[in-house]
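Novice: Protein chains in written order, with this note's numbering: chain A, 88 to 560; chain B, 3 to 474.
Keep in mind the hints are simulated off the structure, nothing from the lab.
One or more of the hints may lead you astray.
[Unchecked claim] Derived DEER-like restraints, expressed as beta-carbon distance ranges:
| # | chain 1 | residue 1 | chain 2 | residue 2 | range |
| --- | --- | --- | --- | --- | --- |
| 1 | B | 128 | A | 375 | 47 to 57 Å |
| 2 | A | 504 | B | 54 | 32 to 42 Å |
| 3 | B | 30 | A | 346 | 41 to 51 Å |
| 4 | A | 358 | B | 325 | 50 to 60 Å |
| 5 | A | 207 | B | 357 | 52 to 62 Å |
| 6 | A | 112 | B | 322 | 52 to 62 Å |
| 7 | A | 376 | B | 35 | 54 to 64 Å |
[As the list claims (entries may be wrong)] For the chain B half of the interface with chain A, some residues (derived, Cβ under 8 Å), not all of them:
| # | residue |
| --- | --- |
| 8 | 65 |
| 9 | 67 |
| 10 | 70 |
| 11 | 71 |
| 12 | 133 |
| 13 | 134 |
| 14 | 264 |
| 15 | 266 |
| 16 | 334 |
Beta carbons are placed, not taken as given, at the ideal position from N, Cα and C, and that holds for glycine.
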Amino acid sequence: MNGTGTPRLPRLSRGEAVLAIAMLATLPLVNPYLRGEGNGTYAYVRSLVLDGDLRFDNEYRRGDPSFVSQSFRKADAQPWPPMEMPGGYLRNQWSVGPSLLWLPSFLQAHAAVEMARLLGGEEAADGYSLPYRLACALATAGYAFCGLFLACRAAQRFTAPAPAILATVAVWLASSLPVYVYFLPFYSHALAAFAVSVFLWYWLTRRPFGRPRQWAAWGLIGGLVWQMEPLAGLVFVVAVVEWLASLRSLHATGLRHAAAGAAAFGGAAVLAALPQLVIKSILHGSALRTGTLNRYFWDTPRLVDVGFASEHGLFLWTPVLLVALVGLVVLCRREPVAGLGLLAAFACTYYVVACYEAWHGISSFGNRFFVCLTPAFVVGAAVALDRAHRLLARRLSGAATWTALAAPVAVLAAWNAGLIFQWGTNMVPRQGPVDFALVARNQATAVPGRIAAMALRYVASRQQAVREQERKD
Amino acid sequence: MTAVLLLALSFLAVHAFLAVCLHRLARLAGVGPAGWAWVPGLNLALVARLAGRSPAWAVLLLVPALNVMVWALLWAEACRRLGRPAWLAAPLCVPVLNLAVLAHLAGLSPARAVTAVALLLLVSVPAAVAAQRIGQRARTDAGLRGLQDPDAESRRRAAAALARTGEPSRAAAALAAALRDPDEGVRAEAARGLESLAPAAAAQKDALIAALDDGSGRVRGRAARALWTASRTGGGSIAAVPPEKMQAALLESAREADGEDTPDASLVLALAACSASAPERLALALGDPDFRVRWHAAAALMQLRRVARQAAPALRRAMDDEEWAVRNAAGRALEDVAGKESVPMIAEALQDESSETRYHSARALARLGPASAPAVPVLIAALRDPDWEVRTESAWALGAVGGAGASAEPALIVALRDPDPQVRASAAWGLAGIGGSRAAAVPALRQALSDDVREPREAAAGALARLEARAR
Numbered sequence: 088m089n090g091t092g093t094p095r096l097p098r099l100s101r102g103e104a105v106l107a108i109a110m111l112a113t114l115p116l117v118n119p120y121l122r123g124e125g126n127g128t129y130a131y132v133r134s135l136v137l138d139g140d141l142r143f144d145n146e147y148r149r150g151d152p153s154f155v156s157q158s159f160r161k162a163d164a165q166p167w168p169p170m171e172m173p174g175g176y177l178r179n180q181w182s183v184g185p186s187l188l189w190l191p192s193f194l195q196a197h198a199a200v201e202m203a204r205l206l207g208g209e210e211a212a213d214g215y216s217l218p219y220r221l222a223c224a225l226a227t228a229g230y231a232f233c234g235l236f237l238a239c240r241a242a243q244r245f246t247a248p249a250p251a252i253l254a255t256v257a258v259w260l261a262s263s264l265p266v267y268v269y270f271l272p273f274y275s276h277a278l279a280a281f282a283v284s285v286f287l288w289y290w291l292t293r294r295p296f297g298r299p300r301q302w303a304a305w306g307l308i309g310g311l312v313w314q315m316e317p318l319a320g321l322v323f324v325v326a327v328v329e330w331l332a333s334l335r336s337l338h339a340t341g342l343r344h345a346a347a348g349a350a351a352f353g354g355a356a357v358l359a360a361l362p363q364l365v366i367k368s369i370l371h372g373s374a375l376r377t378g379t380l381n382r383y384f385w386d387t388p389r390l391v392d393v394g395f396a397s398e399h400g401l402f403l404w405t406p407v408l409l410v411a412l413v414g415l416v417v418l419c420r421r422e423p424v425a426g427l428g429l430l431a432a433f434a435c436t437y438y439v440v441a442c443y444e445a446w447h448g449i450s451s452f453g454n455r456f457f458v459c460l461t462p463a464f465v466v467g468a469a470v471a472l473d474r475a476h477r478l479l480a481r482r483l484s485g486a487a488t489w490t491a492l493a494a495p496v497a498v499l500a501a502w503n504a505g506l507i508f509q510w511g512t513n514m515v516p517r518q519g520p521v522d523f524a525l526v527a528r529n530q531a532t533a534v535p536g537r538i539a540a541m542a543l544r545y546v547a548s549r550q551q552a553v554r555e556q557e558r559k560d
Numbered sequence: 003m004t005a006v007l008l009l010a011l012s013f014l015a016v017h018a019f020l021a022v023c024l025h026r027l028a029r030l031a032g033v034g035p036a037g038w039a040w041v042p043g044l045n046l047a048l049v050a051r052l053a054g055r056s057p058a059w060a061v062l063l064l065v066p067a068l069n070v071m072v073w074a075l076l077w078a079e080a081c082r083r084l085g086r087p088a089w090l091a092a093p094l095c096v097p098v099l100n101l102a103v104l105a106h107l108a109g110l111s112p113a114r115a116v117t118a119v120a121l122l123l124l125v126s127v128p129a130a131v132a133a134q135r136i137g138q139r140a141r142t143d144a145g146l147r148g149l150q151d152p153d154a155e156s157r158r159r160a161a162a163a164l165a166r167t168g169e170p171s172r173a174a175a176a177l178a179a180a181l182r183d184p185d186e187g188v189r190a191e192a193a194r195g196l197e198s199l200a201p202a203a204a205a206q207k208d209a210l211i212a213a214l215d216d217g218s219g220r221v222r223g224r225a226a227r228a229l230w231t232a233s234r235t236g237g238g239s240i241a242a243v244p245p246e247k248m249q250a251a252l253l254e255s256a257r258e259a260d261g262e263d264t265p266d267a268s269l270v271l272a273l274a275a276c277s278a279s280a281p282e283r284l285a286l287a288l289g290d291p292d293f294r295v296r297w298h299a300a301a302a303l304m305q306l307r308r309v310a311r312q313a314a315p316a317l318r319r320a321m322d323d324e325e326w327a328v329r330n331a332a333g334r335a336l337e338d339v340a341g342k343e344s345v346p347m348i349a350e351a352l353q354d355e356s357s358e359t360r361y362h363s364a365r366a367l368a369r370l371g372p373a374s375a376p377a378v379p380v381l382i383a384a385l386r387d388p389d390w391e392v393r394t395e396s397a398w399a400l401g402a403v404g405g406a407g408a409s410a411e412p413a414l415i416v417a418l419r420d421p422d423p424q425v426r427a428s429a430a431w432g433l434a435g436i437g438g439s440r441a442a443a444v445p446a447l448r449q450a451l452s453d454d455v456r457e458p459r460e461a462a463a464g465a466l467a468r469l470e471a472r473a474r
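With the hints as extra help, turn the sequences into a complete structure.
Specialist: See the structure below:
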């Protein structure tokens, strides 16, 4: 940012440039596979742009068989009663935000398809043909990479560039994020991770906020975050921590100034969240009715299960996040406000997920509800790696130190790739508990052979490979 | 050809405008080579250079979503380097507006820039619109010619293509004429095309009504669907068409329904709407040799609910159908359709050897509420059914019977210890429904408050609250 507040294009260091190229090189892996709740998330942009309405009957019927049977009765193909809202609309429990982020790409794809049709092309301008899905899926990947970069930059506030870049690689490849970037890009999680990245990057690189204008800008980003998925809105706790920290200098600024900051943040957040508030109000009769039918049991949180159950336990499935958590604790000692803010956001999310009826995420790789906290994990992992680097550097040479740090990251990434493969090809169940002894056996025996065969088919006849997998799903 | 030329003219006009502006900007900024402005692809690299960045940044403009962000940031940098405010990057991301801003950056005053863009649009927009119209007309003309082809296959293809020409009125008129084609396939394709041209097809209602007398079931079916769709999309009423004719034709079209998991939703609604006054034909269709007809008939009866109560015996028979889809639709339909006169029949069905039949029967009795009182003994027996879903629904049905089901209290108390938590929860609600006694039901429900599973626990708490409220 410059003095006028306009962001500048980043000057990339060599490490960052290599990371950017590596990320871009993985774009061909993105699978424009519209399934599950992605159907509901994508329905907003498709219906608003092409049909000019919020009636999702036609969109829902285009979903995968499992999604269709959740929305419509098999007996007569009419909506299940809980799907029907008083205004005649169909319930849509998913957030509007992802559609807002897909909008530019969707419009670009629509313009391209219309242009092609003008020249005699046959591609359907229906919002579901390959150009639309590809544009939006690539957009998800683009946003996710952007989010990782912002997280990397934010981490560099606390560490040298190298640990921050290594931490970014670790979270990029060894967490649940890649599943929701490459294989399920129409789920909201990767986009929520991007929005939270912008939110945390702005905070960590600008704090402390002196003027209400800065609070308002932060609030606008916050409104976007809340629209991605309501759970991501829990990062607002960071704003509470920052605001409480700003009260320490109350004698200098005055209570009025502090109140103005809070009001600016809240007002701007509500303003930015208007699309979601208006659309939910039309669909469900109230701006605050999200449409979800699941319940929360506030008095009996599944605290241990969320972290360590074989049914998508956060740290068991994606152990890199445990390293990140340790890093956040270390950060609390070095930069109390930043560390406490990030830890509080994690703790709130953890507790709310633990109280949620579907705490395991149903069909989820790892615990998908935490993907939105990706930038916090990048910062935490960077701090942990930085600390480890300092400890090791006392005993080892420079190259040996970095090898010692990069090796576990590589192992975690390889393990994660194998686990993703097992999960994606139904070698382990998508829902319910998973036998980790079986996972380990598969990793050593079945995965290497099958992954090579699958990769060959993915390159040679990708469409067929994907169709086969869709049938199995 | 004319269309392509006009389109090319439109593109060239916009491209030339952009190139002149970029060329001038490159000169102003001293960035080169300015000639890149004229080459698609390289012109993006020139924008990167204007921002003082490597041309490699242009690669990011090919990635959806990133391209918008990078485009904005590149122009923000470029504006700064040109000594212009960085916020101009925002309008540079908005199509059309960006042309005016670019012209302004290249040295024109705002008024002149707007005028230049207006002149450009005056040339390119009419050219693009004309190209589109000419293309549509050419496609319609080709379709019309195709319909005159002596080869039936060509006529079929032409009829299919006419529905997508973008000229609905002309296409609908031509397809209406094709409804009299000697070839059945052409007529069927024409009727299908008219369905997809619904609002425009309303003007061809007479031809579609005439097609309901076609010798081919396929044509009659598709014509009926086109008529129904036209009437739903504001194309006037179909009240003049005898409902039995529509019904018969729609049932014909069910033979062509291609849904595997669910029936055709709009066909189900159409059948139901046309059958409200005469559901008997749907009941008869439950005996059709084609399972898709039986499936859609059952699904349509489900929409009619109690209006079709006389179809209950036919639905009961259809619950023994060899196809699961028909059995499922008929079972669900029976739940909604059956009236109290069907209770003895349903009670008998609750003892059927098929667990599906027993399940739907229990649910049907639950819907009938107190009218199901004569079935209480059978429902009590069903609490020991080997299928947990039947036990769950039976317990629920007993609760729906109310006070008349008091004799079920001991069996429901036993069901509170069923191995399945759903049955236990349902039994708790059943006890609340029949008004369980303070001496037996209340202690059993209190014991159920310590159930291992949340659902039965919550059900027991809810049942106790209901019983206490009733006692007060």
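Novice: Take the hints in turn and mark each one as holding or not.
Specialist: We went through each hint and held it up to the structure:
{"no.": "1", "hint": "128/B to 375/A: 47 to 57 Å", "verdict": "48 Å, holds"}
{"no.": "2", "hint": "504/A to 54/B: 32 to 42 Å", "verdict": "39 Å, holds"}
{"no.": "3", "hint": "30/B to 346/A: 41 to 51 Å", "verdict": "48 Å, holds"}
{"no.": "4", "hint": "358/A to 325/B: 50 to 60 Å", "verdict": "55 Å, holds"}
{"no.": "5", "hint": "207/A to 357/B: 52 to 62 Å", "verdict": "57 Å, holds"}
{"no.": "6", "hint": "112/A to 322/B: 52 to 62 Å", "verdict": "60 Å, holds"}
{"no.": "7", "hint": "376/A to 35/B: 54 to 64 Å", "verdict": "58 Å, holds"}
{"no.": "8", "hint": "65", "verdict": "5 Å, holds"}
{"no.": "9", "hint": "67", "verdict": "3 Å, holds"}
{"no.": "10", "hint": "70", "verdict": "5 Å, holds"}
{"no.": "11", "hint": "71", "verdict": "7 Å, holds"}
{"no.": "12", "hint": "133", "verdict": "7 Å, holds"}
{"no.": "13", "hint": "134", "verdict": "6 Å, holds"}
{"no.": "14", "hint": "264", "verdict": "4 Å, holds"}
{"no.": "15", "hint": "266", "verdict": "7 Å, holds"}
{"no.": "16", "hint": "334", "verdict": "4 Å, holds"}
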